[in-house]
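Engineer: So the sequence lines, in the order shown, correspond to chains U and B. If you use this note's numbering, the first sequence corresponds to residues 1 to 432, in order. If you use this note's numbering, the second sequence corresponds to residues 433 to 864, in order.
Read the hints as simulated data drawn from the structure, not as lab findings. Take the hints with a grain of salt, since some may be wrong.
[As the list claims (entries may be wrong)] If you want the ones that stay clear, here's a sample from chain B, every Cβ over 10 Å from chain U, calculated:
id, residue
1, E455
2, E457
3, A464
4, A530
5, D601
6, R638
7, L643
8, T664
9, V724
10, P726
11, D740
12, L741
13, E760
14, K765
15, I809
16, T811
[To be verified] Among chain B residues calculated to face chain U with C-beta under 7 Å, some are:
id, residue
17, M503
18, N507
19, S538
20, C558
21, R607
22, S611
23, F697
24, P698
25, S699
26, R723
27, E727
Please read all numbers here as calculations on a predicted model, not as lab measurements. Backbone N, C-alpha and C define an ideal beta-carbon position, used for all residues, glycine too.
Protein chains: 2
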Amino acid sequence: MATADKNAYQLMTTAELDATISELERKVDDIAAQGLKLDMARGKPSPEQVALSRPMLDMVTSETVLVDEGMPVDNYGVPDGLPSARRLAAQILGVDPANVVVNGSSSLNLMHDAITNAYVRGIAGCKPWSQQGTVKFLCPSPGYDRHFAVSASFGIENVPVPMRADGPDMDEVVRLVESDPQVKGIWCVPKYANPTGVVYSDEVVRRFATLKPAAPDFRIFWDNAYAVHGFTGEDEPLLNIFDAIGEAGGGNLVYEFGSTAKVTFPSSGIAFITASPIDMVDLRSAFAIERVSPEKFSQLAHALFLKDLDGVKAQMARHAAIVRPRFELVERKLTEGLAELGIASWTHPKGGYFVSFDGPEGSAKKTVGLMKELGVIMTGAGATWPYGVDPHDTNIRIAPTYPSLDELGAALDVFVVVVQLVAARLERASRA
Amino acid sequence: MATADKNAYQLMTTAELDATISELERKVDDIAAQGLKLDMARGKPSPEQVALSRPMLDMVTSETVLVDEGMPVDNYGVPDGLPSARRLAAQILGVDPANVVVNGSSSLNLMHDAITNAYVRGIAGCKPWSQQGTVKFLCPSPGYDRHFAVSASFGIENVPVPMRADGPDMDEVVRLVESDPQVKGIWCVPKYANPTGVVYSDEVVRRFATLKPAAPDFRIFWDNAYAVHGFTGEDEPLLNIFDAIGEAGGGNLVYEFGSTAKVTFPSSGIAFITASPIDMVDLRSAFAIERVSPEKFSQLAHALFLKDLDGVKAQMARHAAIVRPRFELVERKLTEGLAELGIASWTHPKGGYFVSFDGPEGSAKKTVGLMKELGVIMTGAGATWPYGVDPHDTNIRIAPTYPSLDELGAALDVFVVVVQLVAARLERASRA
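If we strip away everything but chain U, and leave its shape as in the complex, we get:
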């Protein structure tokens, strides 16, 4: 049993600690003998979840009318995407369809496109980022590794800022964005953040909406990937950032992204972007250079299958029924195995795809490494921080959706033992 400032291992005598380590090592040996092969690395929907969208594959057939509100589906044109798909996307994000472009299947690709445009051609009347020396992106951490990889690939300096229970540390964000003209962007997953599950508070959203950036070409990259991805049935509304900007007097401040990658099919959903009307002029001209026009059959199938926000919500309720027991299992296993020891903390998300786990300082790499030796692949330790450098080596992203409940339970049982052993060994090493 832990106390307020010491964990259970710190309270043990060295003899007790050695005995505990020996017992945990025996358990690990037993696990190793099982030859497990489990994967909790990525935020992937399970086979049961993707099966929910199979009826979408019957929506467009050789008999379907291939015209969408007067627009051709089966030929070039319609660069902004089909009207019905744009309306659907707009409903998911709560914005005006006139400002939405639906293009391709990857919102990450749209983020990459938006950065390419600013980097190569420049935005807001400013020089291209490529000609402005070292530019910076703020990276609320822990955060999404693929976001950080995109900005890093442009030579952009990724600057970590702390994540709080209500969103990024806004004092730090405001200070950096308003003082440093080299800060050109910030990566945000405002609802069910990857990996913490945090929903940004209204105050945090309002502070974003009222930012006065030092750089006119600063933009918030608002990746609303999990806009409709709650799984408890409880509504956790996110304040609409465009509404908040409107209340604050308007401005060109946000690129918002979304997709149906975790509504219908991963990699084969529809991806969309919205921004202020002025920013959309700019983005449309970039897209016009990059592509003749978007793939439209998938857009039509999505519009016919999901129909509108009510259809999306019904689909997400079906996902929730599959996802929720997995997150409940994580909560139960971690609580049973670790709560009393005081060696770890973790988040309790009501939506999204991840649980963010923190063990003792210096434990994350060891934990993930030993898990791998035992046949359980987890997201690499450090992946949730820019350049893969977690300053305290504590954070591990748990992705519970893909495995079956049985597999997940088995993986968590291993995880609990491994976390205990790593923590006990760290304590023992500190006494050596």
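Using the hints provided, position chain B relative to the given structure of chain U.
Structural biologist: Just chain B now, kept in the frame of chain U:
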């Protein structure tokens, strides 16, 4: 009737010429009164052509096994594209599937990605293009406006080089590529070139394959968009540039692109890229940053519908039956209306989507402008040259596929009258 060095209007007395102009102006007035609304602007398949691919829409249904040679279709992963789609793409291009990535629906987007990678991150161990001062792309002209727009959007200097009947002027290409390290690329459509319809000769392909570029990070952008798009039934083989490079001792020289945009559905085909194994390592790492994984349902549908190169050829024969009469009509109308006057020349392609037309010097903008006034939209004059600047203002791209035969005939009747009037007026103005 023209002579070898004078056209019919040049041979007229001024009185004859004035009478001819008056008669042509009456014809134009009659046309204007018809209120035509015809579009010959872009290389778009006709509705009959896109209907050929409707059966593809029944290939993937809710009952389909969503695994392709062991790879999941309905979840993340498979970053290079489905095995069956890669094999199909490899057969179309005549290359090893191991070096093919199928990703998205737009080959133009893959070209943009390849340039972005070289511009932002650098290739072949060289500094990024963005840090090498003004870099240049060679643009065989007349050529494809969207190619030129992509390179121009990066601030790359587009340098026109002449197009010949057997491909680009290779003396000029060799001289520029081998002497100037700022030359980083050349845009090529090697088969049924846009807009001339030229198929590059074996000698031209061999001279490309044996280039010794001054810049190690020079690449040929080999857009084999019309690899299987002959419409006369006569085979006009293109020497495989990778074979030619292999014979010449190998090297990392070519990015080749293709798509099924004009095999199945425009904007909703599958797009692919191939290059040397070393270049593919580089391109794969770029794609890995830009997207989680490609859309795969469209890939599966294509593989099931087209199956293999024989399936593609059968589909293209069906396209040819629709396309060929349109090109024959262009040839007949232009010959009947213009051949004896000696005021114009045009190409006689056996594949692809365009006829390249040259009127008298200074005629193209006037011709396209007057066509527009009469209700017939053509590709903008100059579009086939970098920055839209045709040095002699002669070239017009004719795109005959989209209109019906009746519409096309009507548009060509107008075109013939307009070309005559513009040429006659130019001759009259030269005498003023």
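Engineer: The structure should be examined with respect to each hint, and the outcome stated for every one.
Structural biologist: Going through the hints against the structure:
With a minimum CB-CB distance of about 39 Å to chain U, E455/B clears the 10 Å threshold, and the non-interface call stands. The Cβ of E457/B sits about 35 Å from the closest Cβ of chain U, beyond the 10 Å cut-off, so the non-interface label holds. For A464/B, the requirement that its beta carbon stay farther than 10 Å from each beta carbon of chain U is met, with the minimum near 27 Å. Annotated as non-interface, A530/B keeps its C-beta farther than 10 Å from every C-beta of chain U; the closest such distance is 21 Å.
No beta-carbon of chain U is positioned within 10 Å of the beta-carbon of D601/B; the least distance is around 27 Å. The beta carbon of R638/B sits about 32 Å from the closest Cβ of chain U, which is more than 10 Å, so the claim that it is off the interface holds. With 10 Å as the threshold on Cβ separation, the claim that L643/B sits away from chain U holds: the shortest Cβ distance comes to roughly 27 Å. Every CB of chain U lies more than 10 Å from the CB of T664/B, the least distance being 24 Å, so the non-interface label holds.
A cut-off of 10 Å between C-beta atoms contradicts the statement that V724/B is not in contact with chain U; the least separation is 6 Å. Against chain U, the non-interface label of P726/B is violated: not every CB pair exceeds 10 Å, the least being about 6 Å. Once the 10 Å rule is applied to beta carbons, D740/B is consistent with being away from chain U; the minimum gap is 21 Å. A cut-off of 10 Å between C-beta atoms confirms that L741/B is not in contact with chain U; the least separation is 23 Å.
Once the 10 Å rule is applied to beta carbons, E760/B is consistent with being away from chain U; the minimum gap is 23 Å. With a cut of 10 Å on Cβ distances, K765/B stays outside the contact zone with chain U, its closest approach being about 25 Å. Every CB of chain U lies more than 10 Å from the CB of I809/B, the least distance being 13 Å, so the non-interface label holds. With a minimum CB-CB distance of about 14 Å to chain U, T811/B clears the 10 Å threshold, and the non-interface call stands.
About 12 Å separates the beta-carbon of M503/B from the nearest beta-carbon of chain U, more than 7 Å, and the hint is not met. This hint holds: N507/B has a C-beta 5 Å from the nearest C-beta of chain U, less than the 7 Å allowed. For S538/B, the shortest C-beta to C-beta distance to chain U is roughly 4 Å, which falls under 7 Å, so the interface hint holds. Here the hint on C558/B is broken, as its CB sits about 15 Å from the closest CB of chain U, past 7 Å.
Annotation: R607/B was flagged as interfacial toward chain U, and the flag is violated, the nearest CB pair being 29 Å apart, outside 7 Å. The beta carbon of S611/B is not positioned within 7 Å of any beta carbon in chain U (closest approach about 27 Å), and the interface hint is therefore violated. Because the smallest distance between the Cβ of F697/B and any Cβ of chain U comes to about 5 Å, under 7 Å, the interface hint for this residue holds. With 7 Å as the threshold, the beta carbon of P698/B comes within range of chain U, its nearest partner Cβ sitting at about 4 Å, so the hint holds.
Because the closest C-beta pair between S699/B and chain U is about 4 Å apart, less than 7 Å, the hint holds. Because the smallest distance between the Cβ of R723/B and any Cβ of chain U comes to about 4 Å, under 7 Å, the interface hint for this residue holds. Given the 7 Å rule on beta carbons, the hint for E727/B holds: about 4 Å separates it from the nearest Cβ of chain U.
In this structure, the hints that do not hold are numbers 9, 10, 17, 20, 21, 22, in rising order.
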